Amino acid sequence: MTDVVVVESPAKAKTINKYLGQDFTVLASFGHVRDLPAKDGSVRPDEDFAMDWTAEDRGEKQVSAIAKAVKGARNLYLATDPDREGEAISWHVQEMLRQKGALKGVTVHRITFNEITKRAIQHAVAHPRELDTPLIDAYLARRALDYLVGFTLSPVLWRKLPGSRSAGRVQSVALRLICEREAEIEVFRAREYWTVEGRFLTPAGAPFSARLTHLDGKRLEQFDLNDEASANRAKAAVEAGSFSIASVEKKRTRRNPPPPFTTSTLQQEASRKLGFGAQQTMRQAQQLYEGVDIQGETVGLITYMRTDGVQMAREAMFAIRDHVKSAFGPDYVPAAPREYSSKAKNAQEAHEAIRPTDVTRTPEQVARFLTPEQRRLYELVWKRAVASQMQSAELDQTAVELVEPSGKTKLRATGSVIAFDGFLKLYREDVDDAPAGAAGSEDEDSRTLPPMREKDPAKLTAAQADQHFTQPPPRYSEASLVKKMEELGIGRPSTYASILQTLQDRDYVKIDKRRFVPEDRGRLVTAFLVNFFERYVDTGFTATLEEQLDEISDGRADWRAVMRAFWQDFNAAIVATKDLTISAVIDALDEELGPHFFPQPADGGGDPRACPACGQGRLGLRLGRNGAFIGCSNYPECRHTRPLSVAGAEAEGEGALNGGIKELGTDPVTGAQVTMRRGPYGIYVQLGEGSTDAKGKAVKPKRTSLARGMDPDSIDLERGLALLSLPRIIGLHPETGDEITTAIGRFGPYVKMGSIFKSIDKDDDVLSIGINRAVALLADAKAKVRGLGPHPKDGEPVEVKRGRFGPYAQHGGMVASLPRGTQMEDVTLEQAVLLLAEKGKKLPPLGKKGAASKAKGKAKPAAEAADEAAPKPKPARKAAPKAAAAKGSAAKAPAARAKTAAAKPPAKAKSAAKAKA
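Numbering-wise (the numbering used here), the sequence shown opens with residue 887 and increments by one.
Bear in mind the hints are in silico, worked out from the structure with no lab data behind them.
Quick caveat, the model's predicted, so the values are computed rather than measured.
Heads up, some of the hints might be wrong.
Said to hold, decoys possible - Straight-line C-alpha distance at most 30 Å; calculated DSS-like pairs for lysine-lysine: (1) LYS1159 with LYS1269; (2) LYS1296 with LYS1136; (3) LYS990 with LYS900; (4) LYS1136 with LYS1294; (5) LYS925 with LYS1046; (6) LYS1369 with LYS1396; (7) LYS1588 with LYS1638; (8) LYS1644 with LYS1670; (9) LYS1644 with LYS1679; (10) LYS1644 with LYS1046.
As the list claims (entries may be wrong) - Computed beta-carbon distance windows for the label pairs: (11) PRO1358 with ARG1169: 18 to 26 Å; (12) THR1556 with GLY927: 52 to 60 Å; (13) ARG1298 with GLY1480: 40 to 48 Å; (14) THR1556 with THR888: 45 to 53 Å; (15) GLY917 with GLY1675: 44 to 52 Å.
Cβ coordinates follow ideal geometry from the N, Cα and C atoms, glycine included.
Let's have the full structure, built from the sequences with the hints guiding it.
Written out as structure tokens, the structure reads:
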């Protein structure tokens, strides 16, 4: 009989099982085993925030395996990660096992460890605890908040601002920071200023430089020399002077080492020094934490990497001090261990900082067991942790003032020298990838001054005036954005990487030269949220909410009380937008983003909103079914439009089709070649080259057109096969249980449920659109067929259908137009039966319809034939036809219309063909 231990990942399970021995069975949960279903109603505020949880197949399978292993065991140890998410996973596992009845006679323990070492694992098993209820409550509150904001605010975005994708509680605030920084850059106007520098020699002939600080007895401010003329006058004053040393000030300063890494500082430093993105950093850190194979043994090299604590275990501090003493000498060890405290606004996790599990495993010793990325990150963690326990660096700073006899013109020279390198011998924040042993190296912005004494003459050898311009604030990098979010108290260390990735996945921002640049879609979404939900994208409000979540995790607040206070105001804000019109939204965004979309010309002349086509209209923001664009106010007389931003991806993608064909690869199922081709109606993917059937008749290969907005360059074998596999089943409607599918039709991609079709926006991906978005789209669609029930005479179904000429009722072969102005949804079974009895007409035989269609080359489907045969509404004030004429119209008119339809394609088809051509 063995005890059972549950961890999160299989990599940890193998290592921990080896540490604990045969008396334990270690299984992995593979992360979260269940979650809130992605549908409305999973969190119910009206029931005091009751939640529904569901397990996917993988989670159900893992918990079933755990339940089987627990059978007969005395103890279950829940050993998931030592943070809020880990506590939640343990709670979910326990709840699912309890529902299965698998915990009878089993004692459940919660254990945590900060490093995967034998000593830490055995100590954790010997000192178990109960599940931390406040931490679980904080998880529930955070999960409910994120769910309610996402599932309540995102649909408002979709309805009021077509083309937008989603809104998130923290994601939207991060996006606002990026957009506001971009707005600052756009309105920034550079200012010119000049500096004057003189080059001198000491009496001993040593050169140095000094900058002009006083002119005509007045201290120079930054913009006092604002043009070349004033700069040249200042330069002439320096050249005319005879200077001597007025004063020499020397001061010794100490620079303390930075604390060991937290999650956010690791992401920042890895971004700046190694060029790693936040996701990449966390992925490599996870591997170092879970362990790497070193000579046949899996060894965890660093402590847990999701933390905002900067403290270290005392045994770790003393081990590092011993290593410093042996590696660098006693002068590099401070008198007492260094204790650090976090300055992060919302720091609350009681975890250690990120450090090596064993300081004696130097980067050089383990390098051959690591990938290049792992090696670089481990070296960064190791050096930072070791440097944090080293002696401070000492620098001698010198400031020299030069003056001419009148005292009206003064210059100043500064410099510094490292007197004792201390921790700088190993690690420097101001130098990228500084090598170990860089003793005596200088700061990038520092310089050494030669020996000088007061009253020594200084010989001027040259003077120069330099032009400068003020610079706009820099765009956020991943490092600086994470730092800003941490300073403001927004989000948690474990969420930063996923937040930044989500912004890129939604196409709200892009990365250019390692800096975030907001896309126009992101600017529109931010402007909408700031105008209509300003409180919920306010940094102060978001930070306060994070503090309340921390109070919950500390057991100082009730999570449901926090949720009630939030939901009351948030729901009221959502309800307030019920009557908000799209035109009002567009007007607000047009006003907000006018300076961005219509910047004033550099020469200041001309109206940037003047229509270049008609010269009379005013350009402004417009909204179409596919999103926002710029259009003329003189529409429809002037049809001038332009996209918000012009992208060349589509043209470049089409150019990739050399000779009209691009090979994507081989279908692993059929072995046929998958190609992308350009046809007369656009680009499509094709499987194989076609074949012939048993009768020798040609069989066309399977083809699927690219959906609008798809970049041909993005189509690889995987996406090509996904296109060829359409239609795709998305899932079941959460209310009706009907199957929802998606495909690409003659008018573009769409979603379908039964007889209900709805085109999807160009911003939705037909290959990945989810059930929630599909349900939202279908909610706005109108069904083409509505069943009313069985006919009272024969039991055959009676239906109401939407035809080209209006809605009509149908029973078997009888059809009847609905009265003018009557909606499909308003007709009852009794009304339809009466209408069919009074005005019903028989459908024409299918043979006639097929014959009429032969002129086109193929017969129409029965559904289209029925639609053609459906009676048309009679024109107003038309005289009643004669009996003979009425007798023939029922059969002849539909056939005549079928011939006309076969000979002349519908207007939609013609316009679609023209657009494709």
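Hint check, failures only: 9, 11 and 12
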